[in-house]
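A.B. asks: As given, the protein sequences belong to chains A and B, one line each in that order. Counting in the numbering used here, the first sequence runs from -1 upward without gaps. Counting in the numbering used here, the second sequence runs from -1 upward without gaps.
If you're looking for bench data, these hints aren't it; they were derived computationally from the structure. Note that the Cβ used here is the ideal one computed from N, Cα and C, for glycine as well. Just so you know, not all the hints are guaranteed correct.
Stated by the list, open to error - Covered stretches of chain A, as calculated for chain B (at least 3 residues, CB under 8 Å):
no., stretch
1, 309 to 315
2, 326 to 337
3, 354 to 362
2 protein chains.
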Amino acid sequence: VTTAPTVAPRVTEADLDTFRLAPGFRAASTACGLKPSGRPDLLWVVADAPCVAAGVFTTNRVAAAPVVLDRQHLTRAADRVAAVVANSGCANAVTGARGIDDARRTATLAAQILGVEPEQVLVLSTGVIGVFLDMEKIVRGLATLASPAARTAAGDAARAITTTDTVPKIATVERSLPGGRIQLAGFAKGAGMIHPDMATMLAVVTTDARILAPRLDRALRAAVERSFNRISVDGDMSTNDTVLVLASGTSDVMVDEGTEQAFTEALTEVCASLARQVARDGEGATRLVEIRVTGAAEEAQAHRVGDAIACSSLVKTAIHGNDPNWGRILAAAGYSGAGIEPEHVRLWFGDADEIALLEGGLPLAFDRAAASQLLARDPAVVHIDLGLGDAHAIVWGCDLSAEYVRINAEYTT
Amino acid sequence: VTTAPTVAPRVTEADLDTFRLAPGFRAASTACGLKPSGRPDLLWVVADAPCVAAGVFTTNRVAAAPVVLDRQHLTRAADRVAAVVANSGCANAVTGARGIDDARRTATLAAQILGVEPEQVLVLSTGVIGVFLDMEKIVRGLATLASPAARTAAGDAARAITTTDTVPKIATVERSLPGGRIQLAGFAKGAGMIHPDMATMLAVVTTDARILAPRLDRALRAAVERSFNRISVDGDMSTNDTVLVLASGTSDVMVDEGTEQAFTEALTEVCASLARQVARDGEGATRLVEIRVTGAAEEAQAHRVGDAIACSSLVKTAIHGNDPNWGRILAAAGYSGAGIEPEHVRLWFGDADEIALLEGGLPLAFDRAAASQLLARDPAVVHIDLGLGDAHAIVWGCDLSAEYVRINAEYTT
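Given these sequences and hints, build the entire structure.
C.D. replies: As structure tokens, then:
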């Protein structure tokens, strides 16, 4: 039901060592002291020449300062972005006017170092909320990024953006368009917590495609809709969620009307891979859960059903316990608000629909031990067919473990 | 912000011993063998003479057979209901046409015993889904209910409807209306699981008020909106949820246009008490959580904000860990879709707003140890003022513990 690979890649140290941004971009990272652990917490991605960018941001009404600033900068300068500065260790959220000033000062400082205008710089933050950025550390850290002391491997930038992620998230795709080959390379963080505050999902994708800002914006919105908007760890939306894409154009391959769809598919593939890596690394999660919804009247209906199933605490705990408790899945579909018709529903477990559980809304006899084994796989795959049409969607989540509760309750601030 | 008592009563054995239905109703209960444990699992509430009834049912598209049947019976005979038959141990859900037949046969058998029409009997079921009712056990059990072998204490009926509830839920209210005193007495079950399947919330409220069916229906809908619709244990909506109210009229106190509001308030009080008892007994919960939302532009906005906070896994785990992590509360309000304005938000912990955390959307300095102690109380009270108007709402939930995961994952079927 999708062209994207369904298994989240396991990022290894070797993968990180060979990870490169798309041509036209370079990274630098350092530890500026925002993380009490002393681990890397500041990075930038710099374009060799002003590039085209687009962003998708949290819809939380409580938007962090970097989100507010980036929206302004993209409105004014989406066709000449010079850099993205990102820090972990502090979310700069719920920090009022001073928070906005700090975010703007970060952009201005980076712009001065790079010899560009402040509005050409975007900023990202993740970490504790309700705490002000330590601007002294930021000032020193930015100076380090421009110095020989900085780490320049892209894999190190992917590491520096993580908080309590257990593994960095990276993805690359190459695609042949009529004008030539283009590359896309992105990294993300998410599902971890910092000194338990809310998780933040951040992603930066680079490409060497040549593309106009409105087209890039449209492609990103479409890609995010089928990737980051299709994952759930705990249903809590952060104040800082941001996905940025930067296009350097150095490939000289123009993305036009004829190739926009192919580019959007490639971008979707990178975003979906990063999204699955985030879901797989959900707090306390032991496996990725993939909910495939087919036979929907329209894609939005499929998405809604998948979302309700992926977010259900009862489904998530059942999968954690390898319990083939299909009643919880059907009930979640029933209350999703998507208007399912129970008498048409079919349900399977397994990547290849190995075990059928429901047919025409009625239970089938099945091998419980075999079903339990299917749920223990990573990813655990659930397939529900609504019997109403041809539309489909995939939603990714994770299981819910006692470890999730421990991370979020027992490690108090 | 409400007239209802805010602390969930702890039901004791003594409370159960003295619990009585409203005049005009009698109860009987027995163990018919649906529960493998051999504990009581069948009961009825019989009206001395045909009574007026109203019901509110799950909106889950996957509605259990008893829900389908009761809707039909109430459409035809809401002004002459004779009895409610309830069983635990089997939900009779996802059982297709045979499930409907079984529910109808249960009503018909009870009607024959009681000398009334089948459509005068309502049925309730809770327990395992996808399993057919054992009609032989139901037949024998109904015969026992009519015999001297039945338990006739109302407290025993409240016990028989429970599944893995740790305590039965009962509530009584007396109210003086212009025409005289009326009584209301109800019992409920919820938050427990059977052989881990989804939780079901069932409630039966009796009253000796005299009231016409449409007025009773209106009063019940208003009461449920401010009670059972304001609780969340895990956000999963059951296929069997049902709240019934039966009015015998034996007090001869007529509820008319002038007294409808007073009656509705009394009914709301009973329902809210039962609802809080259900939330307090949420799976794995160690305390009731009360979210008070004030300063809303309208009640629906207050409800939506309270619901998002009460349902947030991050808020629930923070409260479980006594962690004064207000950022999670603000973030949940932000993504609730209720259109809050962060710069107007104020936030407190404690039953008497003991500790202020946010003012004008900005963090205040506060005593973390004292805040942590407030969250450890039962109930843990969170008060958020939106600064947008005069409307308000209270939503009840519970904390999220590792025990919740254990109950729902480690006890596999």
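A.B. asks: Take the hints in turn and mark each one as holding or not.
C.D. replies: A quick look at each hint next to the structure:
1. 309 to 315: holds (count 5)
2. 326 to 337: holds (count 8)
3. 354 to 362: Answer holds; 4 residues pass the 8 Å Cβ test.
Hint check: no violations occur; every hint is consistent with the structure.
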